[in-house]
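Just need the whole structure built from these sequences, with the hints factored in.
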Amino acid sequence: MSLIKIIEVMAILVGAFSGLVEARTKKMDVVGVFTVAFITAFGGGTLRDVLLDIRPLFWVQHQEYAILIFFMSLVASPLLRHLRHIVSERLIVVADALGLGLFSIAGVSTALHANMPLFIASMMGVITGTFGGVLRDIVCNQIPMVLRDGRPYALCSFAGCWIYLLMRKVEIDPTFALWFSVLFIVLLRLLTWFKDVRIK
Amino acid sequence: MSLIKIIEVMAILVGAFSGLVEARTKKMDVVGVFTVAFITAFGGGTLRDVLLDIRPLFWVQHQEYAILIFFMSLVASPLLRHLRHIVSERLIVVADALGLGLFSIAGVSTALHANMPLFIASMMGVITGTFGGVLRDIVCNQIPMVLRDGRPYALCSFAGCWIYLLMRKVEIDPTFALWFSVLFIVLLRLLTWFKDVRIK
Amino acid sequence: MSLIKIIEVMAILVGAFSGLVEARTKKMDVVGVFTVAFITAFGGGTLRDVLLDIRPLFWVQHQEYAILIFFMSLVASPLLRHLRHIVSERLIVVADALGLGLFSIAGVSTALHANMPLFIASMMGVITGTFGGVLRDIVCNQIPMVLRDGRPYALCSFAGCWIYLLMRKVEIDPTFALWFSVLFIVLLRLLTWFKDVRIK
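Residue numbers (our numbering), protein chains in the order written: chain A, 470 to 669; chain B, 470 to 669; chain C, 470 to 669.
Note that these hints are calculated values from the structure, not bench results.
It is possible that some hints are incorrect.
Each pair may be met inside one copy or between any two copies, as identical chains are not told apart.
Keeping only pairs whose Cα atoms sit at most 20 Å apart, straight-line, the calculated SDA-like set for lysine to any residue is [stated by the list, open to error]: (1) Lys495 / Gln611; (2) Lys496 / Ile612; (3) Lys495 / Thr579; (4) Lys495 / Pro547; (5) Lys496 / Phe663; (6) Lys495 / Ile607; (7) Lys664 / Ile612; (8) Lys495 / Asn610; (9) Lys664 / Leu635; (10) Lys664 / Phe539; (11) Lys638 / Leu652; (12) Lys496 / Gln611; (13) Lys495 / Val544; (14) Lys496 / Arg620; (15) Lys495 / Arg667; (16) Lys495 / Ile668.
Predicted model only: the values in this text are computed from it and were never measured.
Here it is as structure tokens:
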């Protein structure tokens, strides 16, 4: 469990970071930066839990993450111009792929626990993995990147969720199924990104 | 019941189709096409159920609709350029009016079942009938059509919901009240559309 | 309690009014005007209640407010050009600050009742105080004002919520804590507005 927690925190931090960068690009103030970072980090999981009627929400139970993002926003606003030079785009893509993989599988396994049918469970995985970024783009007044850019993003999540569901169906060890499908999403995303594969 | 199911499926398909067309116009990829089709088809009913705290959601219980829209998206993306010539605008308007009527009355009767006061029930009818399109336009980064174009759309739904509520109040046969008010919305919408009636 | 009700109604009316003005500026029809007025007035409280899983929603229980806004929309659409000359901007700012203070403290105290941790309760206060305006701007296809303009708005709400939480912690009389923190938000907002204080 504790290893999952660590990666979960990484995923949330990655989401928050991409929100910070996006919000600063749009010249938002510190409140806007916090808001966009927060919804990017927690938007997907929150929508999933509202749709499945699971309460309390993750960030309501664990306020330490909200507080952490709050302080990141305070610090990041003045620092971000410099950070963008330090953090290379490649690092961001890798981190973001990690977040996609972890969030997606966390979502699909939560939905499975709530006895959802298989296709709905796979959709919940995709929603958890991607909706934070969708909300970020709506608040920043853009057509969401995931719906627009033709790079496989939600598709990677969708494929990985089905691999997880099939592995659970044939009763492979749950822990192995979890890690294998997270890794699958991360590698598929990175491979298609660096090969510049496009869908139409 | 089975006749309602058939029309309900028609309404969902109509919503999904309008989402498919809109998403392709915005040059979205296949994931975007599915997403926009899905939220156009299920957005209104989902918002109503979240507001009234009804679970499980319709599309969670009936995953076959989500799967159907999924395959429609796969097929529609390459085909849509041709489909837009085959399907005349007049047919789309008629189908869309059918969807508006059915979704609205399904919404108002669901709210009545949940013991909502009358005005709130009528609002739930309008929300169910129109919110899918609103979500579609927000995701596609436009001011929602229903809020902007001056043609009676939500108003037709609102009027029909009140006719249904009044007929239930004077204890007219529920099945007749249902069909009469669905038909009322459909005809009012078509009449005002083809006469080009505008509100200000 | 009845005094709170009066100010709550004032806050809702203020929210509705700012929605009416915004919707007319965007040349929306009467349905759009009602919708935007409604979500500006009730958006914050509704999101808070959905996140905390509190039902029934305020406006579902008290349909008289929805009906009132409905008639305001009918009357306001033709009148609004004249109203904008009669109502000075200064009056709007004062009324809006009142709404911010009342909604925020109502939100934070609701969250406290639902046993939320302190930081989450303060966030619920800010959400209740500001989200109506965020939704209004998203529907009108703008980057939300609160995230963009650099004037302290959410920050005033945040500060006032913490004052309320601290006063409750040291067991000051709840009624006094309530009014003091509402007043604090209102005055802080007005002071920073008229002094044109900006955050970065």
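Here is how each hint holds up against the structure:
1. Lys495 / Gln611: Answer is both: 11 Å inside a copy and 12 Å across each meet the 20 Å cutoff.
2. Lys496 / Ile612: The answer is both: 18 Å in one copy and 11 Å across copies each meet 20 Å.
3. Lys495 / Thr579: Classified as neither; 34 Å inside a copy, 33 Å across copies.
4. Lys495 / Pro547: Classified as within: same-chain Cα gap 14 Å, cross-chain 35 Å, threshold 20 Å.
5. Lys496 / Phe663: neither (30 Å within a copy, 23 Å between copies)
6. Lys495 / Ile607: Intra 12 Å, inter 15 Å, cutoff 20 Å: intra and inter.
7. Lys664 / Ile612: For Lys664 and Ile612, the Cα distance exceeds 20 Å both inside one copy (24 Å) and across copies (34 Å).
8. Lys495 / Asn610: Both, since 10 Å and 15 Å are each at most 20 Å.
9. Lys664 / Leu635: neither (27 Å within a copy, 55 Å between copies)
10. Lys664 / Phe539: neither (36 Å within a copy, 26 Å between copies)
11. Lys638 / Leu652: Within one copy only: 19 Å inside, 46 Å across.
12. Lys496 / Gln611: both (15 Å within a copy, 14 Å between copies)
13. Lys495 / Val544: within (17 Å within a copy, 37 Å between copies)
14. Lys496 / Arg620: between (27 Å within a copy, 13 Å between copies)
15. Lys495 / Arg667: Only across copies: Lys495 and Arg667 sit 17 Å apart there, 27 Å inside one copy, limit 20 Å.
16. Lys495 / Ile668: between (28 Å within a copy, 15 Å between copies)
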